[in-house]
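Line order of the protein sequences matches chains A and B. The first sequence begins at 1 in the UniProt record's numbering and counts up one residue at a time. The second sequence begins at 1 in the UniProt record's numbering and counts up one residue at a time.
Each hint should be verified, as a subset may be incorrect.
Since the list gives no way to pick one copy over another, a pair counts as held whenever it fits inside one copy or between any two copies.
Straight line, CA to CA, 30 Å or less: simulated DSSO-like cross-link-like pairs of lysine-lysine [to be verified]:
no., residue 1, residue 2
1, Lys21, Lys161
2, Lys242, Lys14
3, Lys183, Lys66
4, Lys66, Lys14
5, Lys63, Lys183
6, Lys110, Lys161
7, Lys14, Lys28
8, Lys63, Lys242
9, Lys161, Lys28
10, Lys242, Lys66
11, Lys63, Lys28
12, Lys161, Lys242
13, Lys161, Lys66
14, Lys28, Lys66
15, Lys110, Lys63
16, Lys21, Lys66
In case anyone wonders, no lab produced these hints; they're calculated from the structure.
Number of protein chains: 2
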Amino acid sequence: MMQSITSRAHPFFKQLVRLGKSARYRRKDNLTLLDGIHLIQAYCAVFGSPTNLIVSQSGREYKEIKDFLCSIEKIPRPNIFVLSDALFHQVSPVKAPTGIVASISIPELKLVSENKDKTFCVLLETIQDPGNMGSILRSAAAAGVSDVYLSHDCTDAWAPKTLRAAMGAHFILRIHEQSNLVKIAQQFNGTVIATSLQANRSLYQIQLTGSVAFIFGNEGMGLSDDLLQVTDEQIMIPMLGKTESLNAAAAAAICFFERVRQHLDTQNIQPECYHQ
Amino acid sequence: MMQSITSRAHPFFKQLVRLGKSARYRRKDNLTLLDGIHLIQAYCAVFGSPTNLIVSQSGREYKEIKDFLCSIEKIPRPNIFVLSDALFHQVSPVKAPTGIVASISIPELKLVSENKDKTFCVLLETIQDPGNMGSILRSAAAAGVSDVYLSHDCTDAWAPKTLRAAMGAHFILRIHEQSNLVKIAQQFNGTVIATSLQANRSLYQIQLTGSVAFIFGNEGMGLSDDLLQVTDEQIMIPMLGKTESLNAAAAAAICFFERVRQHLDTQNIQPECYHQ
Numbered sequence: 001m002m003q004s005i006t007s008r009a010h011p012f013f014k015q016l017v018r019l020g021k022s023a024r025y026r027r028k029d030n031l032t033l034l035d036g037i038h039l040i041q042a043y044c045a046v047f048g049s050p051t052n053l054i055v056s057q058s059g060r061e062y063k064e065i066k067d068f069l070c071s072i073e074k075i076p077r078p079n080i081f082v083l084s085d086a087l088f089h090q091v092s093p094v095k096a097p098t099g100i101v102a103s104i105s106i107p108e109l110k111l112v113s114e115n116k117d118k119t120f121c122v123l124l125e126t127i128q129d130p131g132n133m134g135s136i137l138r139s140a141a142a143a144g145v146s147d148v149y150l151s152h153d154c155t156d157a158w159a160p161k162t163l164r165a166a167m168g169a170h171f172i173l174r175i176h177e178q179s180n181l182v183k184i185a186q187q188f189n190g191t192v193i194a195t196s197l198q199a200n201r202s203l204y205q206i207q208l209t210g211s212v213a214f215i216f217g218n219e220g221m222g223l224s225d226d227l228l229q230v231t232d233e234q235i236m237i238p239m240l241g242k243t244e245s246l247n248a249a250a251a252a253a254i255c256f257f258e259r260v261r262q263h264l265d266t267q268n269i270q271p272e273c274y275h276q
Numbered sequence: 001m002m003q004s005i006t007s008r009a010h011p012f013f014k015q016l017v018r019l020g021k022s023a024r025y026r027r028k029d030n031l032t033l034l035d036g037i038h039l040i041q042a043y044c045a046v047f048g049s050p051t052n053l054i055v056s057q058s059g060r061e062y063k064e065i066k067d068f069l070c071s072i073e074k075i076p077r078p079n080i081f082v083l084s085d086a087l088f089h090q091v092s093p094v095k096a097p098t099g100i101v102a103s104i105s106i107p108e109l110k111l112v113s114e115n116k117d118k119t120f121c122v123l124l125e126t127i128q129d130p131g132n133m134g135s136i137l138r139s140a141a142a143a144g145v146s147d148v149y150l151s152h153d154c155t156d157a158w159a160p161k162t163l164r165a166a167m168g169a170h171f172i173l174r175i176h177e178q179s180n181l182v183k184i185a186q187q188f189n190g191t192v193i194a195t196s197l198q199a200n201r202s203l204y205q206i207q208l209t210g211s212v213a214f215i216f217g218n219e220g221m222g223l224s225d226d227l228l229q230v231t232d233e234q235i236m237i238p239m240l241g242k243t244e245s246l247n248a249a250a251a252a253a254i255c256f257f258e259r260v261r262q263h264l265d266t267q268n269i270q271p272e273c274y275h276q
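Construct all of the structure, not just a fragment, from the sequences and the given hints.
See the structure below:
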């Protein structure tokens, strides 16, 4: 089914605009927006076609989007809505128009019966910036993290901007929102590690090959005392420059991939084997 | 001197708005804006007081800004302009108002007579996102990079948004804009390393303790063929997850800090020594 929407008063158009803007609205309806063809393809690879696709008049003519629309014309066919570029811009407020958006149900958390595979987890406290959140999720997925726990005051993990920055990591990770991080840390069966500028030990002095949970705190304020008290290790990332300042997402990437490095080192795996 | 600006027609106000918006204008006058107290303090630590400080009516009352304004009341005193919150918002379009902005001359590149200290450089080709650019500069400064070379089509390194994301790295690094990266790579006296998803060797298999230049390419397209051809090593960052996708700034941080790790490993430096 392909349908044109030409009026701002169209109920579906109004819903799309609200989904883009309001975390409360997304949560109420358990819906969100995927913006851009690559993110939508990452979703399809895991969950199959989304129910609703929204394309702009210009976007319909882009080869990549055309090919994609042809490839998914199956049963059940998704609903395809065509919007004028001006209307589409209100749905997808990114500067470089992507030409395609999908509205999806936020996937349910795949429950795992036992916790024995929780060997690599991440706890995020009060991460405020959607770009940072997305980048952390993306690096986590690439490093083999299974579960990410978010405090109640983190930015919305399922906001379109966070989804875009994470480039499909949402569909691989188990993301636990509104988590009690102190409880999770206390119950974690392994080493709970927090980064802290005041720490004496370096990231590179810690064995990371076992069951590990990294905690990262707010971009400006760092971790709360409550959470610091339940960590097993506090480490700092040694710096050789005249500054001691790293972006939260950069710090997370460095920690995650130090674990990857140690893991490969232990396994003595050759790159040909793990780089599929 | 403290001066109130109440009119949008004030020439200095008009200049500030233009400086925030236009890369061409910044370049023409060799001026830019520093947004937020921490960034301004990082500037002061290197260059002393900026000539012009702009505070909002609300910002004047913030303790941090008040203390800062008192601390810099020296000779030569900076010009301090007070703007209504509404006017200030047009100068500093960040969501959470910072309350203080400085306008500064873009610092001249400190020339170094010889290249012998160019042991750790970064080349950036067509990096488009100001947040990524800023985060890369910030990580580079923290890892001890001396020089960063930017291709002509990178996003403006001195844009307020890039400056904010880099958190003072600009005042420590030598940033060479409009560089001919192929020439720089060819003339580099050390190992020129590019990341590539097609590479066979892993970052962790390369010795990084010598003179090293890392090259990073465009967020979507990667490196140009011209530049790939003049690299000494092409490496990939091994990933253990179900995705092989990293944000450009995350990838850069991982590479920079693998060099830091190898350096510390060689030197057998204890964290107490290098964490000042």
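Now for the hints, and whether the structure bears them out:
1. Taking the shortest Cα distances, lysine 21 and lysine 161 sit within 30 Å of each other both inside one copy (10 Å) and across copies (22 Å).
2. In this homomeric assembly, lysine 242 and lysine 14 never come within 30 Å of each other (Cα to Cα): the closest approach is 50 Å inside a single copy and 36 Å across copies.
3. Neither within a single protomer nor between protomers do lysine 183 and lysine 66 lie at most 30 Å apart by alpha-carbon distance, with minima of 48 Å and 40 Å respectively.
4. Taking the shortest alpha-carbon separations for lysine 66 and lysine 14, only the intra-copy value of 25 Å comes in at or below 30 Å, while the best inter-copy value is 45 Å.
5. For the identical chains of this complex, lysine 63 and lysine 183 are neighbours neither inside a copy (49 Å) nor across copies (36 Å), given an alpha-carbon limit of 30 Å.
6. In this homomeric assembly, lysine 110 and lysine 161 come within 30 Å of each other (Cα to Cα) only inside a single copy, at 23 Å, whereas the closest approach across copies is 38 Å.
7. In the homo-oligomer, the alpha carbons of lysine 14 and lysine 28 lie at most 30 Å apart inside one protomer (15 Å), although the nearest pairing across protomers, at 44 Å, exceeds that limit.
8. In this homomeric assembly, lysine 63 and lysine 242 come within 30 Å of each other (Cα to Cα) only across copies, at 27 Å, whereas the closest approach inside a single copy is 48 Å.
9. Proximity of lysine 161 and lysine 28 under a CA criterion of 30 Å is satisfied intra-copy only: 18 Å inside one chain copy versus 33 Å between copies.
10. In this homomeric assembly, lysine 242 and lysine 66 come within 30 Å of each other (Cα to Cα) only across copies, at 27 Å, whereas the closest approach inside a single copy is 50 Å.
11. Taking the closest pair of Cα atoms, lysine 63 and lysine 28 never come within 30 Å of each other, the shortest separation being 35 Å inside a single copy and 39 Å across copies.
12. Taking the closest pair of Cα atoms, lysine 161 and lysine 242 come within 30 Å of each other only across two copies (22 Å); inside a single copy the shortest separation is 33 Å, beyond that limit.
13. In this assembly of identical chains, the alpha carbons of lysine 161 and lysine 66 lie at most 30 Å apart only when taken from the same copy (24 Å versus 35 Å across copies).
14. Taking CA atoms no more than 30 Å apart as the test, lysine 28 paired with lysine 66 passes in neither setting, with 33 Å inside one copy and 43 Å between copies.
15. For the homomeric pair lysine 110 and lysine 63, neither the shortest alpha-carbon distance inside one copy (35 Å) nor that between copies (47 Å) is at most 30 Å.
16. Proximity of lysine 21 to lysine 66 under the C-alpha cut-off of 30 Å is restricted to the intra-copy arrangement: shortest distance 27 Å within a copy versus 35 Å between copies.
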